[in-house]
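> Here are the chains, one letter per residue:
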Amino acid sequence: MGRYVLRRLLQLIPVFFGTTLLIYALVWAVPGDPFAGKCGERACPPDYIQFMTEKYHLDDPWPLQYLYYMGHLLTGDFGQTFGGRDIGEIIAQAYPNTLKLALVGLAIEAVIGLTAGILTGLRRNGFLDNLVLVSTLFLLAIPTFVSGFLLQFILGTQFKIINPTVSSEVPFHELIVPGFVLASISMAYVARLTRTSIAENSRSDYVRTAVAKGLPQRRVVGVHLFRNSLIPVLTFLGTDLGSLMGGAIITEGIFNINGIGREAYRAITTKESATVVGIVVVLVLVYLLMNLLVDLLYAALDPRIRYE
Amino acid sequence: MRVSKRASAVAAIAAVALVAAGCGGGDDSEENSGNADKTANGAITIDGTQPANPLLPSNTSETGGGDVLDWLWTGLINYPPGGGDPVNAVAESIDSTDAQTYTIKIKKGIKFHDGTEVQAKNFVDAWNFTANSANGQQQASFFSDIEGYADVHAEDPDGEEGPQKAPAPKAQTMSGLAVVDPYTFTVKLAAANSIFPVKLGYSAYYPMPDSFFAASNKDEWGKKPIGNGAVKFVSWTDNVEIKLTRFDDYTLDDKVKIKDVTVKLYQEDTAAYADLLANNLDFQQQVPSSSLAGEKWKADLGNRAMTVDIPVQQLIAFPIYDKRYQNKDLRRAVSLAINREEIASKIFFNTRKPSTSWAAPGTPGATGFDCTTCKYDPEGAKAALQAAGGFQGEMVLYYNADASHKDWMEAAAASIASTLGIQVRAEGMPTFAVFRQNIDGQKMTGPYRAGWQADYPNGENWLGPLYVTGGGSNDGKYSNPQVDALYQEGSRLADEKAAEAKFAEAIKIVDAEVPSIPVVSVTQQSGVSNRVTGVKTNWVGSIDLSTVELV
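Chains A and B, in that order, give the protein sequences.
Here the first sequence is numbered in the working numbering, starting from 2 and rising by one per residue.
Here the second sequence is numbered in the working numbering, starting from 6 and rising by one per residue.
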């Protein structure tokens, strides 16, 4: 187990360098000059461009720029934006907010999705099953920006139950509605995935055995059926945390949450490779670590899975 | 000149130059019925966008940072809202006999927020800092009129693309600037220019306190700026908010009555609008374009809605460097073929007015700036096209697709196509940056969208930068020696009226040659909360904090 974790952690290193290199190259390849459009309806003064070009090594070929960047990054220095702000600081400010939002979303999708999935999986083709089927289809069909604006308008502007935007301290209770919006599509996936998994496993041998042993229904479902059916759902939930964080830009915009989406968008349009890479690196790490966590949880859920 | 970072409507106006006049005058009339006690200790929240750079007047060319600078600083002069001639603010007097050497006296006892007094040297040192090319500041060119600018501002000998780099500047200070006594300094221009004093309200000309020059890292200083305006800086949380508070030692007339101001930095104007509707936001400068359709914003806001005139025009500019657009009759034909009335009413729901002048309505000194081709005249357009010998191939109108320009550019294209019977379509370029890169590199192959917001309220600002050879925003490279000569003559005249007449003469030539097409002039749609009263805007449309009272 320990060796397995160590091996997985070591694998992070090449993945880390590979992704940062790719992203750096991609941002570099984005068309547009970082100083075009920076000074309004006129070209930037040449000496300003020269000053900035020297300061940020923009004259060097990109692999060299990448090496500069990595050199600084390995000493913990994320570099600076063209506006002279520390990227490390931006990340430290924005990431917790995005992470909070994604965690609230994940919790909502897990609780509602799993409950709906279990109930419908156990009582297939009943009224509830059809209701969940229809409502999940409905959720899947609504894009985030529609549900976001709709809930903001109805709950925030019309009925004044919530603040239309999230306040600057980003408290958890204000993230419930944005979290719901963010997770609504994944929630539908979780419900349907759980339902199928439960339905399939309820016909399996170990469930029949458990029932034959005379175990109470609650124990059959709660321990045997549910635990085993969780594996595909958990895989989805684990990787979804990363997707929620990366996909939060629209929700963050609607509810004015100071997250990573805005900075990433701004940095891409202004060709600030250092900022984009800085933000994405952390996101990549979240993906990798969540994957590892999910893999380790498999072993806890299913005794047949062992890591050597 | 400032580019707007606001998401849609103002960015639609786009990228424009913006000079705001600090907390411009705006006389307080009796109609304000605010609660004085509540106001004196009150706080308001207004909308803003994250400044692109540290808050330095020398390096800010976008409205997100520029608006905050204008609240934190007061310049030599202020521009009254709604146009009109500038009034002295920090300046006691600005005098000149020959329009070349100006003697500027400043009022005594005006303090920076750190308690030091604003003196002549604070202006002179700040201007020398900004102009010095070794400092690489964006606003350096605002000092190019001053004698000795060439010595502090070294040009790259072989252009931007060449291998050589610009040498270090020959001097550290401009010879045209001299401190006479602590409250007087003189400015000698390289050539006479009667417009120079009108520019002095712009943020590039703000004074800087001694602590700025002592700071080793100017960017760090700009994160906690010290100005001389009616409010002082408290804190700035990136992407979240900038907090300001009343500066109680402020001695000029435009004092603010409220205590605290929070500038909430929104990424989407729709989010700010939702807060405005819920009365969580006290002022939104421009409501989102989605709320303009069918005048929804008026229904939403009722008597909290405000319509404000701002000195902005939207134009379609020709790339004169492209052979196909060098015929003035063709350009005339295109201008006459655009149905401005219909664009203003159907696309902009009357939030824009059809252009009738080369300057924004109400611009001082622009009475003779009439645009005779700014009318829809299908017959005249066809005749002009015939005189031009027709147009070969397809005419493509370009715009940047990251702001809401698609609709009106397509309407203009359709109007030209149906009137002239030629192939016209509108094509979006993905971002403003790509769009500007093509313009700066002179790679445009068709007429393109442009927006111009006045830097200072004077007709000259609608001529010099746009249509004079080498003008800072003459992107189409229009050049006419007669226009240049008239402009030079005009700007050298000490008498303002005589100068105006020369500029009007130059505009007559521009009007005959149509280097660009004024399409619509812009109004701003703002909203206030039910907590405030008496709110007015300054001449470029941002909130005049001195007028705000709580009810």
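Hints should not be assumed to be uniformly reliable.
Said to hold, decoys possible - Here are the simulated DMTMM-like pairs of lysine to aspartate or glutamate, each with C-alpha atoms no more than 20 Å apart in a straight line:
#1 B:Lys228 - A:Asp34
#2 B:Lys113 - B:Asp103
#3 B:Lys380 - B:Asp327
#4 B:Lys175 - B:Asp215
#5 B:Lys448 - A:Glu55
#6 A:Lys101 - B:Asp412
#7 B:Lys223 - A:Asp87
#8 B:Lys193 - B:Asp265
#9 B:Lys229 - A:Asp87
#10 B:Lys223 - A:Asp34
#11 A:Lys56 - B:Asp254
#12 B:Lys228 - A:Asp87
#13 B:Lys328 - B:Asp314
#14 A:Lys56 - B:Glu160
#15 B:Lys411 - B:Glu518
#16 A:Lys161 - B:Asp305
#17 B:Lys507 - B:Asp103
#18 B:Lys229 - A:Asp34
#19 B:Lys126 - B:Asp265
#20 A:Lys56 - B:Glu225
#21 B:Lys502 - B:Asp103
#22 B:Lys43 - B:Asp224
#23 B:Lys502 - B:Asp305
#24 B:Lys248 - A:Asp34
#25 B:Lys380 - B:Glu518
#26 B:Lys223 - A:Glu170
#27 B:Lys358 - B:Glu399
#28 B:Lys112 - B:Asp254
Calculated directly from the structure, the hints in this document are not laboratory data.
For clarity, every value in this text was computed on a predicted model and none was experimentally measured.
> Each of the hints needs a verdict: does it hold here or not?
Evaluated hints:
Among the hinted pairs, Lys228 (chain B) with Asp34 (chain A) is inconsistent with the structure: their alpha-carbon atoms are about 26 Å apart, more than 20 Å. Taking the CA atoms of Lys113 (chain B) and Asp103 (chain B), the gap is about 26 Å. The hint is violated against a cut of 20 Å. Of the pairs offered as hints, the one joining Lys380 (chain B) and Asp327 (chain B) is violated, with about 25 Å between alpha carbons and a cut-off of 20 Å exceeded. Annotation: proposed proximity of Lys175 (chain B) to Asp215 (chain B) is violated, straight-line Cα distance about 24 Å (limit 20 Å).
At most 20 Å may separate the alpha-carbon atoms for a hinted pair to count; Lys448 (chain B) and Glu55 (chain A) exceed this at roughly 26 Å. A distance of roughly 39 Å separates the Cα atoms of Lys101 (chain A) and Asp412 (chain B); the hinted pair therefore is violated under the 20 Å criterion. With a C-alpha separation of about 15 Å, the suggested pairing of Lys223 (chain B) with Asp87 (chain A) holds against the 20 Å cut-off. As the CA atoms of Lys193 (chain B) and Asp265 (chain B) are separated by approximately 41 Å, the hinted pair breaks the 20 Å bound.
With a CA separation close to 15 Å, the supplied pair Lys229 (chain B) and Asp87 (chain A) stays within the 20 Å bound. Between Lys223 (chain B) and Asp34 (chain A) the CA atoms are separated by roughly 25 Å; this puts the pair beyond 20 Å, and the hint is violated. Distance check on the hinted pair: Lys56 (chain A) and Asp254 (chain B) sit about 39 Å apart at the alpha-carbon level, beyond 20 Å; violated. Pair hint Lys228 (chain B) plus Asp87 (chain A) holds up; C-alpha atoms about 12 Å apart against a cutoff of 20 Å.
Under the criterion of a C-alpha separation no larger than 20 Å, the hint pairing Lys328 (chain B) with Asp314 (chain B) is inconsistent with the structure, at around 37 Å. Our distance criterion of 20 Å between C-alpha atoms is met by Lys56 (chain A) and Glu160 (chain B), whose separation comes to about 18 Å. At most 20 Å may separate the alpha-carbon atoms for a hinted pair to count; Lys411 (chain B) and Glu518 (chain B) exceed this at roughly 27 Å. Among the hinted pairs, Lys161 (chain A) with Asp305 (chain B) is consistent with the structure: their alpha-carbon atoms are about 15 Å apart, no more than 20 Å.
This hinted pair checks out: Lys507 (chain B) and Asp103 (chain B) have alpha carbons roughly 17 Å apart, not beyond 20 Å. Between the alpha carbons of Lys229 (chain B) and Asp34 (chain A) the distance comes to roughly 30 Å, so the proposed pair goes past 20 Å and is violated. For the hint linking Lys126 (chain B) to Asp265 (chain B), the alpha-carbon distance of about 31 Å lies beyond 20 Å, and the restraint is violated. As the CA atoms of Lys56 (chain A) and Glu225 (chain B) are separated by approximately 16 Å, the hinted pair is consistent with the 20 Å bound.
A threshold of 20 Å between alpha carbons decides the hint, and for Lys502 (chain B) with Asp103 (chain B) the separation of about 15 Å falls inside it, so the pair holds. Distance check on the hinted pair: Lys43 (chain B) and Asp224 (chain B) sit about 37 Å apart at the alpha-carbon level, beyond 20 Å; violated. Of the supplied pair hints, the one linking Lys502 (chain B) and Asp305 (chain B) is violated, its CA atoms being roughly 46 Å apart against a limit of 20 Å. Taken as a hint, the Lys248 (chain B) and Asp34 (chain A) pair is broken in the structure, with Cα atoms around 33 Å apart against an allowance of 20 Å.
Restraint check: the Cα-Cα separation between Lys380 (chain B) and Glu518 (chain B) comes to about 15 Å, which is no more than 20 Å; the hinted pair holds. Taking the CA atoms of Lys223 (chain B) and Glu170 (chain A), the gap is near 29 Å; set against the 20 Å cutoff, the hint is violated. A C-alpha spacing of about 29 Å is found between Lys358 (chain B) and Glu399 (chain B), which places the hinted pair above 20 Å, so the restraint is violated. For the proposed pair Lys112 (chain B) and Asp254 (chain B), the alpha carbon gap of about 14 Å is at most 20 Å, so the pair holds.
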